Amino acid sequence: MNDRNSPLLSVRNLTIHYITDDGIVRAVNDISFDLEKGKTLGLVGETGAGKTTTALGIMNLVPDPPGKIISGQILVNGKDILKFKKNELKKYRGKVASMVLQDPMTALNPLITVGEQIAEVLRLHDKLSRADSYIKAAQMLELVGIPSDRINDYPHEFSGGMKQRVVIAIALACNPQLLIADEPTTALDVTIQAQVLSLIRDLIKKYGTSMILITHDLGVVTEICDEVAIMYAGQIVEKGDLEAVYEHTGHPYTRGLFGSLPSLAVKAHRLNPIEGLMPDPTDLPKGCAFHPRCPDKMPECVSRTPVVIETEPGHFVRCLLYE
Amino acid sequence: MAKKKKGQLLQIWRRLKKNPLSMLGMAILVILVLTAVFADFIAPYPYDLQNYGAAKQFPSKAHPFGTDNYGRDIFSRVVYGTRVSLQIGFISLTVGALIGTVLGTLSGYFGGRTDTVIMRFTDILMSIPKVVLAIAVASTLGPGLVNAMIAVAISSIPSFARVARASTLTVRDQEYIEAAKVIGAGNFRIIFRHILPNILAPIIVQATLGVGISIILAASLSFLGLGVEPPTPEWGAMLSAARTFIRDEWYMVLFPGLAIMLTVLALNLLGDGLRDALDPKLKA
Numbered sequence: 012m013n014d015r016n017s018p019l020l021s022v023r024n025l026t027i028h029y030i031t032d033d034g035i036v037r038a039v040n041d042i043s044f045d046l047e048k049g050k051t052l053g054l055v056g057e058t059g060a061g062k063t064t065t066a067l068g069i070m071n072l073v074p075d076p077p078g079k080i081i082s083g084q085i086l087v088n089g090k091d092i093l094k095f096k097k098n099e100l101k102k103y104r105g106k107v108a109s110m111v112l113q114d115p116m117t118a119l120n121p122l123i124t125v126g127e128q129i130a131e132v133l134r135l136h137d138k139l140s141r142a143d144s145y146i147k148a149a150q151m152l153e154l155v156g157i158p159s160d161r162i163n164d165y166p167h168e169f170s171g172g173m174k175q176r177v178v179i180a181i182a183l184a185c186n187p188q189l190l191i192a193d194e195p196t197t198a199l200d201v202t203i204q205a206q207v208l209s210l211i212r213d214l215i216k217k218y219g220t221s222m223i224l225i226t227h228d229l230g231v232v233t234e235i236c237d238e239v240a241i242m243y244a245g246q247i248v249e250k251g252d253l254e255a256v257y258e259h260t261g262h263p264y265t266r267g268l269f270g271s272l273p274s275l276a277v278k279a280h281r282l283n284p285i286e287g288l289m290p291d292p293t294d295l296p297k298g299c300a301f302h303p304r305c306p307d308k309m310p311e312c313v314s315r316t317p318v319v320i321e322t323e324p325g326h327f328v329r330c331l332l333y334e
Numbered sequence: 022m023a024k025k026k027k028g029q030l031l032q033i034w035r036r037l038k039k040n041p042l043s044m045l046g047m048a049i050l051v052i053l054v055l056t057a058v059f060a061d062f063i064a065p066y067p068y069d070l071q072n073y074g075a076a077k078q079f080p081s082k083a084h085p086f087g088t089d090n091y092g093r094d095i096f097s098r099v100v101y102g103t104r105v106s107l108q109i110g111f112i113s114l115t116v117g118a119l120i121g122t123v124l125g126t127l128s129g130y131f132g133g134r135t136d137t138v139i140m141r142f143t144d145i146l147m148s149i150p151k152v153v154l155a156i157a158v159a160s161t162l163g164p165g166l167v168n169a170m171i172a173v174a175i176s177s178i179p180s181f182a183r184v185a186r187a188s189t190l191t192v193r194d195q196e197y198i199e200a201a202k203v204i205g206a207g208n209f210r211i212i213f214r215h216i217l218p219n220i221l222a223p224i225i226v227q228a229t230l231g232v233g234i235s236i237i238l239a240a241s242l243s244f245l246g247l248g249v250e251p252p253t254p255e256w257g258a259m260l261s262a263a264r265t266f267i268r269d270e271w272y273m274v275l276f277p278g279l280a281i282m283l284t285v286l287a288l289n290l291l292g293d294g295l296r297d298a299l300d301p302k303l304k305a
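Listed in order, the protein sequences are those of chains A and B.
Position one of the first sequence corresponds to residue 12 (my numbering), numbered consecutively onward.
Position one of the second sequence corresponds to residue 22 (my numbering), numbered consecutively onward.
Chain B on its own, in the form it takes in the complex:
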């Protein structure tokens, strides 16, 4: 019956493949994820093994990224840090994005009083700088990995709510939404089947930028002693801990910094490509 029965995901994948930069980003991300999963096998030393005899060593064969002021192998810590940072970044962002998107979509779709209540709530969240908000949440809940994630998630809700609401407002008045009402579709169906997929592109872009921001935000919390507690290796925390040594032992900040940069870059490249691939209107 159908001459080209191919799944939607396959089509998106085909379009994504045409973009070399996003493939690069995806490759980096895959490597990072694999690193996180197989950290136990990749890292030559445990992340918390201290060796004062070999403190502050310049990168060498035994310690490719050098060692820190406690003599811990920086390479191992960066490898394990991948696990922590990606975890915080993705989980907190996913939670924040889900809540924010649902709130924003409901707000935009129903309008009126629903809209007022939800948007004033996000306005309040937005009026507080992200870092301060995260600090407030984290200091209320106490330090720790999970609490840091909750703090980061809450602070990412308003930006998603706004993006989702703005996009919903434009999609809501499209004729195909009216057409969906005409065929007897309910609000739930219209929101989740007709509106959400159509506002996904800006949300994906927001999310790719957001993961980077979340990773940095989590790092800031760790720096202030409100996030991940030592000796758990977290890139941002490593950066903060090493910053006093930047003058003579620059490699202590270089590698965690590079790791953050590489992750954010990979996410941005992939996100851009995904946005193009997800939009069939741009399909050549």
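Okay, chain A solo, but in the shape it has when bound:
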């Protein structure tokens, strides 16, 4: 294995495009980040910022066609999973890295009992016998707070929050090193969101799992994550420790995001949303992709593409203001 300091996951210059008849959708543009063992990274951005595509890239599940991983490396434990063969990928998915999908309502096969769906992944990877896989599945159900006597129930017999718990149980059944949670609470109501989030937090702490949490909720990030990366138009515009990004916000877009949050301390009649909309990913603006909406726009921003600058140790910003 690798030495202790090397990160579990290292994404290097990843670029993913969707090649469609209407043009090339530049979903992910040259992003790089590391994730250490046991750490949690929050991936924040608007709809269409490329968060889910990044996640699918890490699972090597970008739908092809139309998706194409143009360039870059995704190193997990030092091995580039983009070069994995079919068999290696099968062993990688579910065992090394697993994923919780957005919508628990459709993420379970309606014709198979929840117990069987948990047991399936255990049999696939841990080569358990049928009986053993059911025993383990029952334990997983208890672990996510569902009575194990419901092991033979079908997904439609569960509520949305409980389905998401089942999905989490499936994702964690084989004790993966990396968990990708793609907006795990978006489809749930607020009280259930809190329960599911604390469940995820407790479980990954217990098993030392690293996690990438995809969300557009900055509040959720503060509750769970160690680090946060802000994505805009397929790029990471700012990344750093939670404290660094929240306290010394660098990028104008991140500031805009915080500005559009309601605050208990400051009384405001109106929130301050970021003007304008996300650019069309088939036709990204020249220079910095954020310049049409940026309050701190400089003349250079239109022509020159910013590079990533380390403003303080471990805090990276991609903005010309700091160059």
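It should be emphasised that the hints constitute simulated quantities derived from the structure, not laboratory data.
Heads up, some of the hints might be wrong.
[Claimed, not checked] Looking from chain B toward chain A, a few residues come up when the C-beta cut is under 8 Å (computed): (1) Pro150; (2) Tyr197; (3) Val203.
[Unchecked claim] To list a few chain B residues with every Cβ distance to chain A over 10 Å, as calculated: (4) Lys39; (5) Phe62; (6) Ala187; (7) Ile204; (8) Thr265; (9) Tyr272.
[As the list claims (entries may be wrong)] Estimated spans, in silico, between C-beta atoms of each pair: (10) A:Asp160 / B:Val51: 33 to 39 Å; (11) A:Asp91 / B:Thr161: 25 to 31 Å; (12) B:Phe131 / A:Ser140: 29 to 35 Å; (13) A:Pro121 / B:Pro65: 48 to 54 Å; (14) B:Pro218 / A:Val201: 31 to 37 Å; (15) B:Pro67 / A:Ser140: 38 to 44 Å.
Please read these numbers as outputs of a predicted model, since none were measured by experiment.
Ideal Cβ positions, reconstructed from N, Cα and C, are used throughout, including at glycine.
Following the hints, position chain B against chain A.
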């Protein structure tokens, strides 16, 4: 550990039991199958026993369905015909459904070039009317029971392929298929374990209608001399043979016709009930 450890089949059976019409259909079908199996014991006469002295007799105690123009007992022939017709209907349809469903599922799941090749192939099959296609196959292979089954099976492939492909396309993009990929399931596993069970309902409906169509198709082939050869009793062939006598000896066409109708009706009732019972989402 588990409070209700019951098999999936048992649950489907319980749901099916709640539907009286499908239970009726099932009862009829069971009777038909038993009739086919025990034809030797039920039929009072051999199906090919000719008795010119008692030709074209009206239904009576000795011949409950009457006799045909050769003096053969129609009841016995209908009973033996159950065997032939059910055989042709079920075997040919099963073969056609299996091939069609697998082709359609592969086509829908993989898309791209696989899809193009398979679907253009079924388009070609579909562009030829079923009867004409069956006639073409049967006349190439020659008459006979087995060849008739092959002909009927081939002509039922495209409809299953289309239904399976359409359903696969909707299921393929469901999140639980992506979830299956995420846990490291291979294509084979995803197709047979996650997609096929989920597209079974429309295929079952297609199959129940298909058996009836297959029985009728086989009958048409027999009528043209390309299917089952006489004296083997087959309902459709009996119908065709008796059609010249429909004016005066109507009972000669009535009973084989009723047998076909009853079989198709039973299959449809059962199929509808099965569709509801197989879908746990509809479970009350």
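How the hints compare with the structure:
no., hint, result
1, Pro150, "violated (36 Å)"
2, Tyr197, "holds (4 Å)"
3, Val203, "holds (4 Å)"
4, Lys39, "holds (17 Å)"
5, Phe62, "holds (41 Å)"
6, Ala187, "holds (18 Å)"
7, Ile204, "violated (4 Å)"
8, Thr265, "holds (52 Å)"
9, Tyr272, "holds (48 Å)"
10, A:Asp160 / B:Val51: 33 to 39 Å, "holds (36 Å)"
11, A:Asp91 / B:Thr161: 25 to 31 Å, "violated (55 Å)"
12, B:Phe131 / A:Ser140: 29 to 35 Å, "holds (32 Å)"
13, A:Pro121 / B:Pro65: 48 to 54 Å, "holds (51 Å)"
14, B:Pro218 / A:Val201: 31 to 37 Å, "holds (35 Å)"
15, B:Pro67 / A:Ser140: 38 to 44 Å, "violated (56 Å)"
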